[in-house]
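Undergrad: Order-wise, the sequence lines are chains U and H.
Residue numbering for the first sequence follows this note's numbering, starting at 1 and increasing by one per position.
Residue numbering for the second sequence follows this note's numbering, starting at 1 and increasing by one per position.
Hints may contain errors.
Claimed, not checked - In silico DSBU-like links for lysine-lysine, alpha-carbon gap of 35 Å or less: (1) Lys1/H with Lys57/H; (2) Lys57/H with Lys13/H; (3) Lys106/U with Lys13/H; (4) Lys69/U with Lys57/H; (5) Lys68/U with Lys58/U; (6) Lys57/H with Lys68/U.
Stated by the list, open to error - Quick list of simulated restraints, FRET-style, between CB atoms: (7) Gln97/H with Glu66/U: 18 to 26 Å; (8) Thr38/H with Glu64/U: 41 to 49 Å; (9) Gly42/H with Leu20/U: 45 to 53 Å; (10) Gln45/U with Pro8/H: 45 to 53 Å; (11) Pro39/H with Ser3/U: 18 to 26 Å; (12) Ser84/U with Arg9/H: 21 to 29 Å.
For the record, the hints were derived by calculation from the structure and aren't laboratory data.
It should be emphasised that the depicted structure is a prediction, and the values quoted were computed from it without experimental measurement.
Idealized CB from N, CA, C, for every residue including glycine.
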Amino acid sequence: AQSVTQLGSHVSVSEGALVLLRCNYSSSVPPYLFWYVQYPNQGLQLLLKYTSAATLVKGINGFEAEFKKSETSFHLTKPSAHMSDAAEYFCAVSRDSGYSTLTFGKGTMLLVSP
Amino acid sequence: KAGVTQTPRYLIKTRGQQVTLSCSPISGHRSVSWYQQTPGQGLQFLFEYFSETQRNKGNFPGRFSGRQFSNSRSEMNVSTLELGDSALYLCASSLPQANGETQYFGPGTRLLVL
Chain U
1 AQSVTQLGSH VSVSEGALVL LRCNYSSSVP PYLFWYVQYP NQGLQLLLKY TSAATLVKGI
61 NGFEAEFKKS ETSFHLTKPS AHMSDAAEYF CAVSRDSGYS TLTFGKGTML LVSP
Chain H
1 KAGVTQTPRY LIKTRGQQVT LSCSPISGHR SVSWYQQTPG QGLQFLFEYF SETQRNKGNF
61 PGRFSGRQFS NSRSEMNVST LELGDSALYL CASSLPQANG ETQYFGPGTR LLVL
């Protein structure tokens, strides 16, 4: 069975500081990994997706994530936080081709202070 | 291209009633998945439909059901509502891809059961 662990239900950063949101996964097969963002009263927006083509994945809004198989991690980073980045972030994993069902982590709320 | 749409956006029901939620996928997408989001349980997979057939099912009671029409639009139904069914219900659509399907989410339907 697959699972995703996001360390830290809340992360606080100052505007301009580095953003680091942690995600560890467990999967019996090479997974597809995703990061989604959810703004208040909205659905989930795809930030980026890992497909094994490259270990460093660049996404929208300046975010990127690095796949580390040895650590079973897929942490999300952004060099400089902006106030508009305040939202809840979800890491998710799916099985190999032919299945789209996502298993989500519990989410991390990112708080950005001026 | 228009995104995933869900109707209604907000719904208030009382215990024991039933409810039907609707989802229109992105044009060309044939897979539709449903998720329940609650503060306590997070994001949980309900079921997935592909070409009018249920392809995958999560661990929810039989009160939760769904269907998909020939135009890929999907509905989910919850019968005999309970207070614990209060949640944000998210629909996602996807297209088969060689490097893993990517799910695109709608804005959700927020259901409140009184």
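Undergrad: Assuming the hint says 21 to 29 Å, is it satisfied by the Cβ distance from Ser84/U to Arg9/H or not?
TA: holds (23 Å)
Undergrad: Is the Cα-Cα distance between Lys106/U and Lys13/H 35 Å or less?
TA: holds (27 Å)
Undergrad: Quickly compare the C-alpha distance for Lys57/H and Lys13/H to 35 Å and report which way the hint goes.
TA: holds (25 Å)
Undergrad: Is it true that Gln45/U and Pro8/H lie within 45 to 53 Å of each other by Cβ?
TA: Violated, at about 21 Å.
Undergrad: Hey, Lys57/H versus Lys68/U, does the alpha-carbon distance stay inside 35 Å?
TA: Given that 35 Å is the threshold and the Cα spacing comes to 30 Å, the pair holds.
Undergrad: Should the hint that Gln97/H and Glu66/U are 18 to 26 Å apart at their CB atoms be regarded as holding?
TA: holds (22 Å)
Undergrad: Regarding the pair Lys68/U and Lys58/U, is the alpha-carbon distance no greater than 35 Å?
TA: holds (15 Å)
Undergrad: Does Lys1/H pair with Lys57/H here, judged by a C-alpha cut-off of 35 Å?
TA: holds (28 Å)
Undergrad: Within a Cα-Cα threshold of 35 Å, do Lys69/U and Lys57/H meet the stated pairing?
TA: holds (29 Å)
Undergrad: Just tell me: holds or violated, for the beta carbon distance of Pro39/H and Ser3/U against 18 to 26 Å?
TA: holds (20 Å)
Undergrad: Indicate whether the distance between the beta carbons of Thr38/H and Glu64/U respects the range 41 to 49 Å.
TA: 30 Å Cβ-Cβ, so the 41 to 49 Å window is violated.
Undergrad: Range first: 45 to 53 Å. Now tell me if the beta carbons of Gly42/H and Leu20/U are that far apart.
TA: violated (21 Å)
Of the numbered hints listed earlier, those contradicted by the structure are 8, 9 and 10.
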